[in-house]
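**Q** These are the residues of each chain, in order.
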Amino acid sequence: MAAEREPPPLGDGKPTDFEELEEGEDLFTSTVSTLESSPSSPEPASLLAEDVSTNSNGPKPAEVVLDDDREDLFAEATEEVSLDSPEREPIPSSEPSPAVTPVTPTTLIAPRIESKSMSAPVIFDRSREEIEEEANGDVFDIEIGVSDPEKVGDGMNAYMAYRVTTKTSLSMFSKSEFSVKRRFSDFLGLHSKLASKYLHVGYIVPPAPEKSIVGMTKVKVGKEDSSSTEFVEKRRAALERYLQRTVKHPTLLQDPDLRQFLESSELPRAVNTQALSGAGILRMVNKAADAVNKMTIKMNESDAWFEEKQQQFENLDQQLRKLHASVEALVCHRKELSANTAAFAKSAAMLGNSEDHTALSRALSQLAEVEEKIDQLHQEQAFADFYMFSELLSDYIRLIAAVKGVFDHRMKCWQKWEDAQITLLKKRETEAKMMVANKPDKIQQAKNEIREEIEEVG
Amino acid sequence: MEEHQEAGKESKPSSISADLPGDSSLWVEISDAVSERDKVKFTVQTKSCLPHFAQTEFSVVRQHEEFIWLHDAFVENEEYAGLIIPPAPPRPDFEASREKLQKLGEGDSCVTREEFAKMKQELEAEYLAIFKKTVAMHEVFLQRLAAHPTLRQDHNFSVFLEYGQDLRVRGKNRKELLGGFLRNIVKSADEALITGMSGLKEVDDFFEHERTFLLEYHIRIQDACLQADRVIHSHKSLAEGFNPISAALNSLGTQEVNQLKTSFFKLAELFERLRKLESRVVSDEDLKLSDLLRYYMRDSQAAKDLLYRRLRALADYENANKALDKARTRNREVRTAESHQQLCCQRFERLSDSAKQELMDFKSRRISSFRKNLIELAELELKHAKASTLLLRNTLVILKGEP
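Protein chains in written order, with UniProt numbering: chain A, 1 to 458; chain B, 1 to 403.
Just so you know, nobody snuck in bad clues.
Here are the in silico distance ranges between beta carbons for each label pair:
id	chain 1	residue 1	chain 2	residue 2	range
1	A	E380	B	F116	28 to 38 Å
2	B	E115	A	E452	54 to 64 Å
3	A	S176	B	F116	51 to 61 Å
4	A	W417	B	Q102	53 to 63 Å
5	B	A385	A	N353	26 to 36 Å
6	A	S196	B	K120	46 to 56 Å
7	B	F265	A	I422	44 to 54 Å
Calculated directly from the structure, the hints in this document are not laboratory data. Since the model is a prediction, treat every value here as computed from it, not as a measurement. Heads up, the beta-carbon is just placed ideally off N, CA and C, and yes, glycines get one too.
Put together the whole structure using the sequences plus the hints.
**A** What follows is the structure, encoded as structure tokens:
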């Protein structure tokens with residue numbers, strides 16, 4: 001295993017070498033890249049998720065022991081992170097200088113990503129050198145912010161437009177700082193495009209925030225109360241996290257759709273994300289069909305690793321949900337406490353006013369002030385609890401749902417594979433029969449069919 | 001229901017009525033209390049060297065209803081009209097925790113064994129806390145009676161303290177309760193009438209001032225008490241909310257390995273400790289703030305009652321004056337009218353004097369009690385806040401420090 005990890009010599013751009021490398025190795029390094037792109041927030045939990053994402057890409061060689069991997073992963077991670085820090089200053093000229101050792105990791109990664117992408121449908125229309133050059137030029141330096149929610153339009157056709165600001169030193173973008181206005185359905189459209197392209201290859205595409213008809217209707221109608229502002233704030237934060245997660249994934253970052261989303265000022269309206277549209281209904285039907293399928297497919301799990309992983313994910317999902325529920329309850333109680341404390345503060349102030357002994361009156365008013373401060377603190381704490389803890393948990397719950405989706409997809413692929421094999425077998429039998437009966441034209445036809453089947457199986 | 005034995009002579013949490021006159025000629029305390037079914041039996045112990053008691057030390061067992069009986073006896077006694085009668089202790093209320101215990105006993109399948117044990121522990125602690133509180137309130141009532149120079153000499157009081165047998169006081173039945181309720185209504189109507197009467201002028205500025213003050217104060221303190229109760233309630237549910245988080249983190253931790261595992265366990269422990277701290281804060285707030293407000297709410301009501309009685313006496317006096325004048329003009333029954341008027345006058349004077357004294361006592365008592373409790377509250381809050389900051393800081397260090 002260690003041998004596989006050894007980085008190939010620098011400047012080596014021949015594709016043949018890459019193909020020799022096992023699938024397994026690619027996956028690890030792409031994980032490593034994501035690690036290095038986020039030195040500021042090494043969330044162990046996210047490591048877990050992305051670790052699995054890369055590993056779910058294909059049947060893993062059986063001899064891999066997971067625990068070892070993870071430790072090695074961490075070891076490599078610390079290496080990369082420390083190597084990165086001097087690189088934080090954007091290198092102005094993107095020179096493909098293999099001699100610069102700190103750049104090693106990025107050169108490694110880019111070509112490997114390319115080999116990965118070759119198996120995916122043709123997306124990249126650029127040469128390998130271009131990628132190398134670009135990867136040489138800078139680090140994974142891209143910051144995305146979502147801000148300024150504005151209400152555009154009126155009545156039921158109103159929507160919230162968010163400003164998406166990108167600051168980057170990546171050379172694949174035309175400018176280093178730009179911002180565009182996007183609305184929620186644009187985000188959903190981006191997600192559906194990315195999902196359709198990558199899901200069946202086995203990547204985990206970060207899930208988009210959910211639609212909320214109630215929340216949006218309130219905003220549209222124009223109610224200026226605190227719940228609608230909270231809703232908008234929640235959504236804005238969720239969209240920002242979504243984009244940041246998507247961008248962290250190196251393959252997804254290369255995607256032209258994503259670039260278009262970030263850069264172009266006008267985006268074609270993603271109509272098929274609307275709830276009540278043809279595409280929406282189609283989606284619902286598909287989901288139902290999938291659910292039925294899941295119950296009927298009985299996949300013989302030949303790989304114990306997957307079995308174990310699935311079990312783990314089930315457990316993790318359950319526990320995260322429980323934790324999330326209790327954290328939400330906590331936030332709710334704290335908000336209640338804050339409201340009650342405010343009421344008590346007022347009441348104590350009044351009591352202090354009516355008290356005729358001056359010292360006691362002063363003491364009571366000070367008590368009232370302190371209680372007010374406590375109320376403020378509780379409110380802040382409730383917000384912090386919510387945005388950092390609770391939302392994080394719900395994000396991970398959704399990520400796990402995405403992971404499960406990938407697992408399901410794998411199952412579907414396997415089923416197709418099985419079906420294809422069975423058909424192949426049948427066609428071979430027919431061919432044999434034909435040979436015995438000696439019908440030349442039928443033989444040819446059979447041979448053609450077999451070739452088709454073999455292609456499909458492969 | 002379990003029987004809880006109150007360990008006698010332990011430090012009483014009652015600090016509501018501070019600084020009773022250090023007169024040791026009559027010393028009353030509740031040394032023991034036992035809870036059975038619905039009833040709580042208090043063991044009242046008396047130490048006295050007063051002559052009218054048969055022994056110097058004796059104790060009896062009393063129930064809540066007997067306390068109420070004693071209180072009502074004082075209220076209805078005309079002689080004590082000029083005094084603030086200490087408010088009756090509230091009925092021991094274990095309803096809330098009884099419900100919870102029942103729910104717990106019914107068995108919740110989604111609750112793990114550790115959680116169940118923890119909840120049971122919490123519930124028992126809560127029950128014990130309520131128990132202690134009710135004992136303290138009954139004791140304060142008796143101690144104030146014992147401390148008051150006039151009230152302590154009451155015959156009913158000595159009977160209460162001494163009589164070995166059951167006083168056989170039944171709780172008020174429905175008719176009596178209704179009667180009491182109606183009497184209250186009549187009283188407030190009467191008060192409104194008296195004050196509205198044009199002829200009635202408040203002679204004494206002191207009383208005028210006190211009256212306006214007390215009326216407003218009572219309303220405000222009632223409101224404050226209500227709000228404080230609400231704060232305590234939501235704070236309690238917040239503290240309890242830490243428990244499921246801790247449990248969930250624990251179960252997450254068992255699944256993970258290495259660094260993540262220890263982090264999760266540390267977090268779970270943090271929440272557990274935080275919960276304990278928070279519930280201590282809540283119970284302290286409850287004792288020092290909420291109970292304080294509640295007691296003075298009742299006490300100010302008693303003071304208001306005193307003022308009412310005095311006002312009533314004043315009205316009677318005025319009426320007697322008018323009757324005397326009428327009798328003098330008609331020159332009939334002058335003597336009876338005169339004596340009646342004299343009586344009323346005397347009564348009124350007497351009431352006014354004692355009322356003045358009582359009200360000033362009330363004020364000083366209130367101030368010192370507030371001072372003591374608020375200081376203690378602040379100190380306790382500080383202590384707990386320091387403890388929780390330390391805990392959070394330590395956990396932060398540990399979580400960050402782990403490579």
